[in-house]
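J.: Chains A and B supply the protein sequences, listed in that same order.
Counting along the first sequence from 1, when you hit position 182 you're at 326 in my numbering, and nothing is skipped either side.
Counting along the second sequence from 1, when you hit position 44 you're at 1345 in my numbering, and nothing is skipped either side.
One or more hints might be untrue.
As the list claims (entries may be wrong) - Dumping the calculated BS3-like pairs for lysine-lysine here, alpha-carbon to alpha-carbon at most 25 angstroms:
| id | chain 1 | residue 1 | chain 2 | residue 2 |
| --- | --- | --- | --- | --- |
| 1 | B | 1369 | B | 1413 |
| 2 | B | 1413 | A | 277 |
| 3 | A | 265 | A | 327 |
| 4 | A | 327 | A | 277 |
| 5 | B | 1493 | B | 1547 |
| 6 | B | 1369 | A | 277 |
Worth flagging that the hints you see were computed from the coordinates, not collected in a lab.
Fair warning: this is a prediction, and the values are worked out from it, not measured in the lab.
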Amino acid sequence: MTIRTTLLATGAAALAMAATPAIAADYTIDDTHTQANFRVTHMGYSTMWGRFNEESGTVSFDPANPGDASVNIVIDAASIDTNHGERDDHLRSPDFFNTAEFPEITFSSTSVEVTGDNTAKITGDLTMLGVTKSVTLDAVYNGMGNYPWDDTTEVVGFDISGVIDRTEFGMIYGVGGIGTEIKIDFELEATRSLN
Amino acid sequence: MFTLSSPPVQSGLIPLLTALILVGLIRLIGGPGRGAALAGLGLALAVLASYWATLRIPSFPPVGATNKLFYIVLIATIAGFAVDLIAREGWTGRAVAILAGPLAALWIGLEKGLDAPWPAGIAVLIVVGVTAAAGWRYHAQAQRNSEIGASILVLCLAMAACAFMSNAASSAQLAGGLAAATGGFLLWNWPKVRFPFNNAALAAALALIAGLAVQLALFVPKLETFALLPLAAIPFLLPLGVRLVKGNGLIKQGLRPVVVGLICALPAAAAVLIVFLTMPEATSASGY
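Isolated chain A, as found in the complex:
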């Protein structure tokens, strides 16, 4: 093989690699650095904040091709926490999240529309109380990298937010006093091992 043909072959291989679309990496949601928060108006006088303490799921993401990203989230409904024990018990009852009958809340993305340098709209199926509805949430990509103390783990982070109408999922108790619009703020960190 001459030097010329070797250079040509190397160049062709490099071009072929560049033309191949990057494959999105799969990340696992890091429960310790992820929060599923919500807020709802209480009688119109104040806004009550709450969160779910246990969530899991996966994110598939390639920064070069964010439109192909996907996210699957599973929330343990019984892990609801509004910093008020009696209220949490009521929220777990059939009046609200009915956690004994419907223990999980899930979100599974179906499409991602990139809207800016680090923003996108994520549309997906939200299942709560056994009812599945398509919802669109706003996402902000916060970045990707390693922990300073651990270069074998890659981290990616997003803020995802949106508004849902609880009555569309059959949560109909307390309408008129407790707001029907629930604002969701999902602070998400996901990791993958580089080993």
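Could you slot chain B onto chain A? The hints should help.
T.: Chain B in isolation, oriented as in the chain A frame:
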């Protein structure tokens, strides 16, 4: 205070007044024969009115237990009313009374019961058995209108108290709504008995009681599964009250449901006490 969003209005005033007005109206329109026989429909409609005031109309098909309760009462009311229109005394009436509770219990609890035979499955079976037997007994004593009403009133008040203590507010309100609707019916039937506790009223009441019992036992985390078991005795205490107060004078007629109610209050109090004693602490550190 007296707005539609107030629980005492949703579960007290609305069902009480709706039952009182509709029972009288149906009797007035239908006359002393047919009108009196159908008047109990007012009780069933008052329960539906209470559900609407508390939760509005749920979507169809319903998914969760609470949403199913509306359609359970609606179907039971229609079935009972159809029987009242066609053949109140026949086997169809008995069949509706016997089946209303078990079908409601199975619709709400079958899936969970199959998932976890112990304790959920056993609890569903108990509700199925008790409400079927209660339907049989109540239908067989259909002439004891005010005594049936008194026992259902006490049972529902106890169920409402147990649900309220367990942070299941809508269940408490729906049980309270049935108690109030029964109260509206009883105002026409006490001390003088006027209208039968007909199939529409009986089917709606038993279906809601069965549905609520399963919902409370299976889906309210704060309530022990079998805490409501003493309430199962209530439908079978009528003969005791009737035996204690014999005779058909107006005073005896008025006294009998009171005695039945007092006897039923014993297992009712036992259930409330068990719920109170077995209630866990709030699950988070903070509390009211």
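J.: Which numbered conditions among the earlier hints are violated in the structure presented, ordered from lowest to highest?
T.: none
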